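Here are the chains, one letter per residue:
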Amino acid sequence: MPVIVIDANIEGQCSCIWMRLQSDVWREFTTALDVTFQTLAEAGLDPASSDDVIWRFCQANGHFLLTSNRNQEAEDSLETTIRREGTATSLPVFTLPNPDNVYQSDFLERVVEKLFDYVLNADNIRGTGRLYLP
Amino acid sequence: MPSTKPRIIDIGRGPQIEGHRITVMDVFYYIHRGYDFEFIHEAMPSLTREQFDAVVEYVNEHRDELVEEDRRVETFHQRGTEAQHARGGIFTETEKSLTTEERVARLKKKLEQHQAGKKRCRSS
Chain C
1 MPVIVIDANI
11 EGQCSCIWMR
21 LQSDVWREFT
31 TALDVTFQTL
41 AEAGLDPASS
51 DDVIWRFCQA
61 NGHFLLTSNR
71 NQEAEDSLET
81 TIRREGTATS
91 LPVFTLPNPD
101 NVYQSDFLER
111 VVEKLFDYVL
121 NADNIRGTGR
131 LYLP
Chain P
1 MPSTKPRIID
11 IGRGPQIEGH
21 RITVMDVFYY
31 IHRGYDFEFI
41 HEAMPSLTRE
51 QFDAVVEYVN
61 EHRDELVEED
71 RRVETFHQRG
81 TEAQHARGGI
91 FTETEKSLTT
101 EERVARLKKK
111 LEQHQAGKKR
121 CRSS
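Residue numbers (the working numbering), protein chains in the order written: chain C, 1 to 134; chain P, 1 to 124.
Bound-form chain C, shown alone:
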């Protein structure tokens, strides 16, 4: 079952995305692929966890992380962690660089389609580090 862990900075947008995944239009894919969203707390993580802890947790449990993370160079930042610890088999981090666009319906549809596309190709996107949506 593909689990997508939702970062704290994007919970509102992910509620929108999840509602769309559950709509009549897209539910068939959500069900067929058994996609689930989990907040950090639902995944069993402390919502104050650092980037490296969350990244390692997702890798250890085979989960994708969905974030709009905007820290790039600090020692424990997500970007530094991906560069330092990522391997050819690591699962990517899905990134929404402009999260406010999710509230536009056209953009949301593109995000949903791309998200399913990535999940369908889960084995072909390992080792890519960060993957942008849409």
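No wet-lab data here; the hints were simulated from the structure.
For clarity, every value in this text was computed on a predicted model and none was experimentally measured.
C-beta: ideal position from N, C-alpha, C; glycine also.
Misleading hints may appear alongside valid ones.
Stated by the list, open to error - With a straight-line cut-off of 16 Å between C-alpha atoms, the simulated EDC-like cross-links for lysine to aspartate or glutamate are:
| no. | chain 1 | residue 1 | chain 2 | residue 2 |
| --- | --- | --- | --- | --- |
| 1 | P | Lys-108 | C | Glu-28 |
| 2 | P | Lys-5 | P | Glu-18 |
| 3 | P | Lys-110 | C | Glu-28 |
| 4 | P | Lys-5 | P | Asp-53 |
| 5 | P | Lys-5 | P | Glu-50 |
| 6 | P | Lys-118 | C | Asp-123 |
| 7 | P | Lys-108 | C | Asp-24 |
| 8 | P | Lys-110 | C | Asp-117 |
| 9 | P | Lys-118 | C | Asp-34 |
| 10 | P | Lys-109 | C | Asp-117 |
| 11 | P | Lys-96 | C | Asp-24 |
| 12 | P | Lys-109 | C | Glu-28 |
| 13 | P | Lys-108 | C | Asp-117 |
| 14 | P | Lys-110 | C | Asp-123 |
| 15 | P | Lys-108 | C | Asp-34 |
| 16 | P | Lys-5 | P | Glu-57 |
Said to hold, decoys possible - Covered stretches of chain P, as calculated for chain C (at least 3 residues, CB under 8 Å):
| no. | stretch |
| --- | --- |
| 17 | 19-27 |
| 18 | 56-67 |
Position chain P relative to chain C; hints supplied.
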């Protein structure tokens, strides 16, 4: 009586709200683009008004460096996005002009191929 005012700290990820994962840059993204607390709170429901006010105070004291950092992050993501799209295949940008029906039909084909592939794997 000890103060309960949220603090902005740096423990290796840049400035962030103490006891919370949300960083100043996460919130500044919205402030810099003119969004108000109500909008930001909808995006980050766990962000309290007091935490937001602490970020605003920090922003007022460090605006120039945050604007510069935001610009660098935008450039970083822009370059990353372009590099990803240039790889082609699944990594290309999702077309903007398609209808939802066209997207669903396209994905349905991919799902059928995916399921057929899994079936072949199981039977071999």
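Results of checking the hints against the structure:
no.	hint	verdict
1	Lys-108/P / Glu-28/C	holds, 9 Å
2	Lys-5/P / Glu-18/P	holds, 10 Å
3	Lys-110/P / Glu-28/C	holds, 13 Å
4	Lys-5/P / Asp-53/P	holds, 9 Å
5	Lys-5/P / Glu-50/P	holds, 7 Å
6	Lys-118/P / Asp-123/C	holds, 12 Å
7	Lys-108/P / Asp-24/C	holds, 14 Å
8	Lys-110/P / Asp-117/C	holds, 8 Å
9	Lys-118/P / Asp-34/C	holds, 15 Å
10	Lys-109/P / Asp-117/C	holds, 11 Å
11	Lys-96/P / Asp-24/C	violated, 21 Å
12	Lys-109/P / Glu-28/C	holds, 13 Å
13	Lys-108/P / Asp-117/C	holds, 10 Å
14	Lys-110/P / Asp-123/C	holds, 14 Å
15	Lys-108/P / Asp-34/C	holds, 15 Å
16	Lys-5/P / Glu-57/P	holds, 12 Å
17	19-27	holds (count 7)
18	56-67	violated (count 0)
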